[in-house]
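S.K.: Each chain, letter by letter, is given below.
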Amino acid sequence: SQELEQSPQSLIVQEGKNLTINCTSSKTLYGLYWYKQKYGEGLIFLMMLQKGGEEKSHEKITAKLDEKKQQSSLHITASQPSHAGIYLCGARLGGSARQLTFGSGTQLTVLP
Amino acid sequence: GAVVSQHPSRVICKSGTSVKIECRSLDFQATTMFWYRQFPKQSLMLMATSNEGSKATYEQGVEKDKFLINHASLTLSTLTVTSAHPEDSSFYICSARDHKSGEQYFGPGTRLTVT
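Protein sequences, first through last, are from chains A and B.
FYI, this note's numbering numbers position 99 of the first sequence as 99, with every residue one higher than the one before it.
One rule links them: number in this note's numbering = place in the second sequence (from 1) + 1000.
Derived by calculation from the structure, the hints in this document are not laboratory data.
Glycine is no exception: its CB is placed at the ideal position from the N, C-alpha and C atoms.
It is possible that part of the hints are untrue.
Just a sample of chain A residues kept apart from chain B, beta carbon distances all over 12 angstroms, derived [what the hints assert, rightly or not]: (1) Leu19; (2) Thr24; (3) Glu41; (4) Lys51; (5) Ser57; (6) Glu67; (7) His83; (8) Gln99.
Each computed DSBU-like pair below joins lysine-lysine, with the alpha-carbon atoms no more than 30 angstroms apart [said to hold, decoys possible]: (9) B:Lys1041 / A:Lys36; (10) A:Lys60 / A:Lys38; (11) B:Lys1100 / A:Lys51; (12) A:Lys38 / B:Lys1020; (13) B:Lys1014 / B:Lys1055.
The task is simple: from the sequences and hints, build the whole structure.
M.R.: As structure tokens, this is what we get:
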């Protein structure tokens, strides 16, 4: 099984609706990153969380890292077609890991 | 912010030929670079870790003789796909780790199509 599990795998919402994507790790997270991507294009950095309980917002996107630092959620308020894409969480799993390991990704479709 | 470039952005090659992809950190030094592969509708999978001046470390299941990695300088790593086959067609993304900050920055990716 994957070390970083994302749910749901795909999501279709009507424009204007709120949505949440979850990222759960089997290990303690040392830095949790959220990226957005369209396949065939590069990663767009959204935000990074490090401390348990930390919450960051950018425009209509809010990300939280839970107290035990093993789960993060990404919440989009009043979704728009421009939010469509693949959302990836990435983390360094284990204190000595140098590379980011990625979750399975969530494909978001926003219907106009 | 830190910039990582990849070249080429797209490449089409014939089966059996080799293709080289370059990854450069433009405004920082990267003693470590990472190569990821992504298939359609799937996440990024780490292929190998490239260390400046030493051999790359490959993830389980990745053939080191097929995916040759060279990290000859603090700003350049190359991935050569040797004897390419259609199943090697994928999106390849490199990432460079800033030597000073430890942050990891991603390139824009290279789409490889093997015909």
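S.K.: Please go over all the hints and tell whether each is borne out by the structure.
M.R.: Status of each hint after checking the structure:
no., hint, in the structure
1, Leu19, "holds, 19 angstroms"
2, Thr24, "holds, 14 angstroms"
3, Glu41, "violated, 7 angstroms"
4, Lys51, "holds, 16 angstroms"
5, Ser57, "holds, 20 angstroms"
6, Glu67, "holds, 24 angstroms"
7, His83, "holds, 18 angstroms"
8, Gln99, "violated, 5 angstroms"
9, B:Lys1041 / A:Lys36, "holds, 13 angstroms"
10, A:Lys60 / A:Lys38, "holds, 19 angstroms"
11, B:Lys1100 / A:Lys51, "holds, 21 angstroms"
12, A:Lys38 / B:Lys1020, "holds, 24 angstroms"
13, B:Lys1014 / B:Lys1055, "holds, 28 angstroms"
Consistency with the previously given hints fails for numbers 3 and 8, ordered from lowest to highest.
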